[in-house]
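Student: Residue strings, one per chain:
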Amino acid sequence: MRVVIADDAVLFREGLARVLEAASIQVAAQVGDAEQLLARVRADPPDAVVVDIRMPPTHTREGLDAALRIRAGHPEVGVLVLSQYVETHHAMQLLEDGAGGVGYLLKDRVADVADVADAVRRVAGGGSVIDPEVVARLVGRRRVRSPVEELTDREREVLALMAEGRSNQAICQRLFLSPKTVEAHVRGIFTRLDLPATPDDHRRVLAVLAFLRA
Amino acid sequence: MSQRLRLALALTALAAGLVDLALLLRAGEDRPGPLAYLLVAIIGVSWSFAAAGLVAWSRRPDNRTGALMVTVGLAYLLNGLLLNGVTLVRAPLGFELWFLVATLPEAVLAHLIAVYPDGRATTRLQRLFVVANYAATVPLALAQLLLVDPASLGCAECPDDLLALGGRHPYGEAVLAVSNLLLAVLGALLLWIVVTRWRQTPGPRRRSLAPVALVGVVLLAVYMIQQTLTAVMPSPPSLVKTGLDLAILTTLVLWPLAFLAGLARTRLDHSAVGDLAIELSETLPPGRLEQALARALRDPTLRLAYWLPDRCAFVDAAGRSVELDGEVADDRAVTILRQGGDPVAALLHHAALDDDPALVQAVAATARMTIENGRLHAEVRAQLEEVRASRARIVEFGDAERRRVERNLHDGAQQRLVNVSLALGIARSQVGTAADEELAAALDEAAAELRCALAELRELARGIHPVILTEAGLGPALAALAERSPIPVTVAPVPPERLPPRVEETAYYVASEALANAAKHARATAVTISARRRDGDLVVEVGDDGVGGADPDGSGLRGLADRVAVLDGRLRVHSPAGEGTRITAELPCAW
Chain Z
1 MRVVIADDAV
11 LFREGLARVL
21 EAASIQVAAQ
31 VGDAEQLLAR
41 VRADPPDAVV
51 VDIRMPPTHT
61 REGLDAALRI
71 RAGHPEVGVL
81 VLSQYVETHH
91 AMQLLEDGAG
101 GVGYLLKDRV
111 ADVADVADAV
121 RRVAGGGSVI
131 DPEVVARLVG
141 RRRVRSPVEE
151 LTDREREVLA
161 LMAEGRSNQA
171 ICQRLFLSPK
181 TVEAHVRGIF
191 TRLDLPATPD
201 DHRRVLAVLA
211 FLRA
Chain F
1001 MSQRLRLALA
1011 LTALAAGLVD
1021 LALLLRAGED
1031 RPGPLAYLLV
1041 AIIGVSWSFA
1051 AAGLVAWSRR
1061 PDNRTGALMV
1071 TVGLAYLLNG
1081 LLLNGVTLVR
1091 APLGFELWFL
1101 VATLPEAVLA
1111 HLIAVYPDGR
1121 ATTRLQRLFV
1131 VANYAATVPL
1141 ALAQLLLVDP
1151 ASLGCAECPD
1161 DLLALGGRHP
1171 YGEAVLAVSN
1181 LLLAVLGALL
1191 LWIVVTRWRQ
1201 TPGPRRRSLA
1211 PVALVGVVLL
1221 AVYMIQQTLT
1231 AVMPSPPSLV
1241 KTGLDLAILT
1251 TLVLWPLAFL
1261 AGLARTRLDH
1271 SAVGDLAIEL
1281 SETLPPGRLE
1291 QALARALRDP
1301 TLRLAYWLPD
1311 RCAFVDAAGR
1321 SVELDGEVAD
1331 DRAVTILRQG
1341 GDPVAALLHH
1351 AALDDDPALV
1361 QAVAATARMT
1371 IENGRLHAEV
1381 RAQLEEVRAS
1391 RARIVEFGDA
1401 ERRRVERNLH
1411 DGAQQRLVNV
1421 SLALGIARSQ
1431 VGTAADEELA
1441 AALDEAAAEL
1451 RCALAELREL
1461 ARGIHPVILT
1471 EAGLGPALAA
1481 LAERSPIPVT
1491 VAPVPPERLP
1501 PRVEETAYYV
1511 ASEALANAAK
1521 HARATAVTIS
1531 ARRRDGDLVV
1541 EVGDDGVGGA
1551 DPDGSGLRGL
1561 ADRVAVLDGR
1571 LRVHSPAGEG
1581 TRITAELPCA
1591 W
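Quick note, the sequences are listed as chains Z and F, same order. Per the numbering used here, the very first residue in the first sequence carries number 1; after that it's consecutive. Per the numbering used here, the very first residue in the second sequence carries number 1001; after that it's consecutive.
No wet-lab data here; the hints were simulated from the structure. One or more hints might be untrue.
What the hints assert, rightly or not - Residues from chain F shown here face chain Z by an in silico Cβ test under 7 angstroms; the list is partial:
#1 H1410
#2 N1419
#3 D1444
#4 A1447
#5 L1454
#6 E1471
#7 A1472
Predicted model only: the values in this text are computed from it and were never measured. We treat Cβ as the ideally placed atom computed from N, Cα and C, and that holds for glycine.
Model the full structure from these sequences, guided by the hints.
Tutor: Next comes the structure, spelled out in structure tokens:
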């Protein structure tokens, strides 16, 4: 698997490359801004890109815009956006804009080396990755008279993992539950929240997040 | 000196007129009716011009109009006396002498009309006319006397033309034709001068000019008719001729009266000073003073500027500075009002008002107290304007500083800590799980601590400046605010368009501060936030169901009020005890 890393912080970029290489992910290139990233992707599309949201020249949302352009122009390339802060608005923008193969994580997550390698693999494989902080904020958000308030703790855990983009199997492993139990929980949640059941993981993430955000 | 001269002239005119009248009465039945009327009319014209001229002269000694009018009057008197004497005594060459003198009043009158109301020729055309006027009249009259049959000049009983060429001689016909043509040209020229000047006369000055111009036009019209008639009909019926002569003379009597009417209209302007005094006796709002002065001086373009000694500058009623240099256009003038030598205010007005500086000064004197009031008011407004500007600078500076600190945190401490956590992660992965459990545990602990530090730093940076607001606008920023709130928040749909950054920031801080208050002090269980457009304003409203009783002078709300005021907006806090709190900010979006 080949990835391109785009970040103007050289030290971070190189550290991340080491981590990915150690997890047998080949880093095809490291670039310092969005222009170079887009050029690299056009010239030789990798399996995935890892991109920092704030990059030169304005240090605002260059990385996000580059990610959206890659998703539009090269849907087969997985995109993982890293940021020092996470906003639901950005997450939704990335998710709504295409069909899977997208991730949005806090930069801190790289501390867990296995986690970040897993995220890159998931987006390269067409899955969706949403930072637990975004999900936790949405799930934990205080509401007046909402069906979310009526979910059991276990159901909430399952809901959060779904929102993070985990598949049923991943949820089983995380929560040490049998596939049947997880499936039952998922069905229960969808019924309770009155969401249309969907087999597609990406659509499932989008539906859950949109519901939580409303 | 000139006063004595005027007295002497007045007595002369009176005496000459009386002598003329006495002669008229003495002649009694001997004289034909029309001639008697003519003579009486001439005395009327003379006195009318002399009297009006003397009034004008005493009011404006530096303007020659008055003197010219007196001259016209005296010329008519001399004309009348001679006509009277000649027809009474029938001395030899009497008619010829009268004929020469009779051209004089008309020449001076034409001069007067051409240079009215300045009293002197200012344009080249005026000078040309005045010279041509005098140069043509006397030689023409002489030529007529020498070459033309007296009968066609109006003296049926006169024996012959002076050169005794006899009857209707071709030279005589030619001279008559040429003189008629010349008079027609002069008349047209005069009409042209009068019309041009009327069109160039600025509005305020037309008022006093109008009566004179009106009668002048009538006079000119009748005169032209007379000349045309004479040209086409060598010997018109005497009734028509006398009628026209009388019409001219009657108009001439009216002309000085019209002049007096013009003067009186200026006097009427002065009576506006009285109206102004009455108007000022009620307290006028400062902005209205300018209108009142404009009305009193009948100059809608009038502007009032107050002098601020501290600033060494003139400002308008709103405290904005006014450049007097910008008003140097030809038709603009500035009158500085002083008190004890120091400027108090300036009137920027139409140059025509300079004709009557006494009126401007009278108006200014009447309004002095109010102007002084207005000046103080303008001073306060100017200071307020400065305070507002400095408050805007403070808020602006604070916001810029917040953005800078957030950026520094992001690119500095946060990035370094992220690097550290990455390094820790790599170290942890190299330690593995088996080798050294204690080291692995220590590294895990450090990583967890670091995660907390980063999370706290993130919230701190966010509190300093919400990047999402500048990046995505008010809607996403308010939604993010609601996500983080410890109490349930409903955000009504926000206008999707981007607004000026200062408006977005202010709206955001209003919502953020109100939400913090609701959570901290109001013990609210639900909050609603709405932001909607209304007539170019953005109206932000935050309502909660808490205990109410919020203190608008608390530091948080006070700071919000400052922010809102910088945008010229309004912040209202409605917080009756026990009924929740509603904070509304109206923010003009024209930034």
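Student: So, for every hint listed, does it hold in this structure?
Tutor: So, going through the hints one by one against the coordinates:
A distance limit of 7 angstroms between C-beta atoms decides the matter here; for F/H1410 the minimum to chain Z is near 6 angstroms, and the interface restraint holds. Annotation: interface hint on F/N1419 holds; nearest CB of chain Z at approximately 5 angstroms, less than 7 angstroms. Violation of the interface hint for F/D1444 is found here, the shortest Cβ-Cβ separation to chain Z being roughly 10 angstroms, above the 7 angstroms cut-off. A hinted interface residue such as F/A1447 counts as satisfied when its beta carbon comes closer than 7 angstroms to some beta carbon of chain Z; here the least separation is about 5 angstroms, so the hint holds.
Because the closest C-beta pair between F/L1454 and chain Z is about 5 angstroms apart, less than 7 angstroms, the hint holds. Because the smallest distance between the Cβ of F/E1471 and any Cβ of chain Z comes to about 5 angstroms, under 7 angstroms, the interface hint for this residue holds. With 7 angstroms as the threshold, the beta carbon of F/A1472 comes within range of chain Z, its nearest partner Cβ sitting at about 5 angstroms, so the hint holds.
The structure does not agree with numbered hint 3 stated previously, though it agrees with all others.
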